[in-house]
Amino acid sequence: MTAGATRGMWVIARYTFRECARRRVTVVVPVLSAIFLALYGLGVHFAFEAAHGTTRAAGGLVDTHALVGATLVGLAMFAILFLGAVFAVFLTFNTVRGDAETGSLQTLVVRPLSRPALLAGRFLGAGMLCGVYVFVMYLVAVAITGRIGDWWPHPLLLPGAALVGAVVIVAALSVLVSVYLTAIPSGIVVLMLYLAGLLAGLLGQIGDALSLSNLQTTGRYIAFVVPFEALYQQGLNSLTSGMTGLARVIVQLGPFGGAQDFGSWLWLYCLGYLLAVAALATWSFARRDL
Amino acid sequence: MAPLLEVRDLAKRYRATDALRGVSLRVEGASLVGLLGPNGAGKSTLVKICCGLVHPTSGEVRVAGHAPGTPEACAAIGYLAELFRFPPWLSADEVLRLHQELAGSRGGAEERSALLELVGLGYAAGRRVGEMSKGMQQRLGIAQALIGSPPLLLLDEPTSALDPAGRRDVRDLLVELRARGTSVLLNSHLLSEVELVCDRVVIIDAGRVVAEGDPGRLARAGGVEIETASGIRHFPDAGRDDIPGLVARLVAEGERVYEVRQVRSTLEDVYLEVVTPQEGR
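Protein chains in written order, with this note's numbering: chain E, 1 to 290; chain L, 291 to 571.
If we strip away everything but chain E, and leave its shape as in the complex, we get (with noise of 0.2 Å):
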């Protein structure tokens, strides 16, 4: 990429920063964390109450304390995602044929920064935003849950940074729709697309539970080709890798995610998933009519 291009990158990264700024999305979006946030801090609150005294249950087998607090910390990991979800396809639903149909684009494209580079400015910008997002809204949650409960996860910062990984994906789906399909559509795809995710989460769930191979081989290979729900059950899992016995079992039935470990090479898949979006994303944006 030329120094103007890289320049331009930047330019059109800082220009969706403004653009989150300045829309009420700014406003939405901290206002819908503040109540789910405190939400949250309500139900950790009653949840530890109610857990308080009976540290052993099962006969002794299940750590009921470790069991509230991973199952909550997983729960918080379920909504953070969702809200990230949907605030990156805001971001990036309209970024190619959306703006191109208002006018918006035509402007920014005759200026000599390149395609691909208003592209990667686009996406950089949008997931820089998301990213933060989530890993801040990670990071508040197992704060209040180890404020009032007094459980850490371990390790702590690898769940978040699943969060994060999988949010930039769906930033990337969403730009490379985008360059195939008008705003509303856009958006409306990619939600699904998140929604088939989360689908093949419940189905290798389903599958590990009911010792069914096959549901749990077609979970598993549904979660790379949407590799962000792969991402989250990475996440879930590390979150109770340092649990052991009856609880770490129970929170892996529990309701958000098969909580699968895809291995560390996981993180090297996406990053090539990722590379392959952007190449599709810029041929196809290459070779459009505006």
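Quick caveat, the hints were computed from the structure, so don't treat them as lab data.
All of these numbers come straight from a predicted model, not from anything done at the bench.
Glycine is no exception: its CB is placed at the ideal position from the N, C-alpha and C atoms.
A couple of the hints might just be wrong.
[What the hints assert, rightly or not] Chain L is nowhere near these chain E residues, computed Cβ spacing over 10 Å in every case:
| id | residue |
| --- | --- |
| 1 | Ala38 |
| 2 | Ser104 |
| 3 | Tyr180 |
| 4 | Ala183 |
| 5 | Ala196 |
[Said to hold, decoys possible] Pulled a few chain L residues facing chain E out of the computed Cβ check, cut under 10 Å:
| id | residue |
| --- | --- |
| 6 | His345 |
| 7 | Gly368 |
| 8 | Leu392 |
| 9 | Leu444 |
[Unchecked claim] One-sided excerpt, in silico: chain E residues whose CB lies under 10 Å from chain L:
| id | residue |
| --- | --- |
| 10 | Thr2 |
| 11 | Gly4 |
| 12 | Gly8 |
| 13 | Arg18 |
| 14 | Arg23 |
| 15 | Thr102 |
| 16 | Arg288 |
Fit chain L to the known structure of chain E by using the hints.
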């Protein structure tokens, strides 16, 4: 030195529709070239191809010697789209700053201020686009196209949202830009506007160039009319040099001559003559 814009045998096909069928034109020096034609003639497609927004099916376009869409070609042009929208949350000054950054212009606040003054928006630098009228946004669009003083301006219907006073302002601005050495390709529906300011006119119909030349030559002589006591006498093949002889002959025949007019066809006459009526397509 390469011409600022050179289009050779350009064709563009959208599925089953031929938008352009072998268009060729050149823009060089400091000139104002008007692009005329009915709706769907291919004017906007031609301008978009020159900007690198649309890919041609065949033919060649060079902008300042470079392929359209390349950074070098983009740096040489200022473009105002027919339909455009600036982000409503940005102020006029911020829109220009964004485009300065993208164009790599070092003009800074001085350039932004001068451009806003030039298009009559000096008082609205801090006003958000969302609070501007369509006419104000059109003026801002023209200012945006002038960022970095590009040698070639491609303006697609730049006066479509302006009132008569605004149109006159833009005409004056175009003349001033030409005086500064800028070339302009002006795509417009307004024949009078093109006739008033352009050095050369290219009329496109159904994707082909059907007439080209300077407006004075295109609006050719249409004969001589002489008003006499017995009525108006029309001499369709006569020119300016024939008038004294015609008058002398009529007087010699005993006619009383009251008025002599040299008839010229207007650009509108030429346009209507060369452009196929919509129902004939």
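Hints versus structure:
1. Ala38: Holds, because the least Cβ-Cβ distance between Ala38 (chain E) and chain L comes to about 29 Å, which exceeds 10 Å.
2. Ser104: violated (5 Å)
3. Tyr180: holds (17 Å)
4. Ala183: holds (13 Å)
5. Ala196: Check passes; 32 Å lies beyond 10 Å.
6. His345: holds (6 Å)
7. Gly368: With a closest approach of 9 Å, the Gly368 (chain L) hint holds.
8. Leu392: holds (4 Å)
9. Leu444: holds (9 Å)
10. Thr2: This hint holds: Thr2 (chain E) lies near chain L, its Cβ roughly 7 Å from the closest one there, short of 10 Å.
11. Gly4: holds (6 Å)
12. Gly8: Hint holds; Gly8 (chain E) Cβ to chain L Cβ min 6 Å, cut 10 Å.
13. Arg18: Where the cut-off is 10 Å and the nearest Cβ of chain L is about 8 Å from Arg18 (chain E), the hint holds.
14. Arg23: The hint holds - Arg23 (chain E) has a Cβ within 10 Å of chain L, the shortest such distance being about 6 Å.
15. Thr102: holds (5 Å)
16. Arg288: holds (9 Å)
In terms of the numbered hints stated before, the structure departs from hint 2 and from no other.
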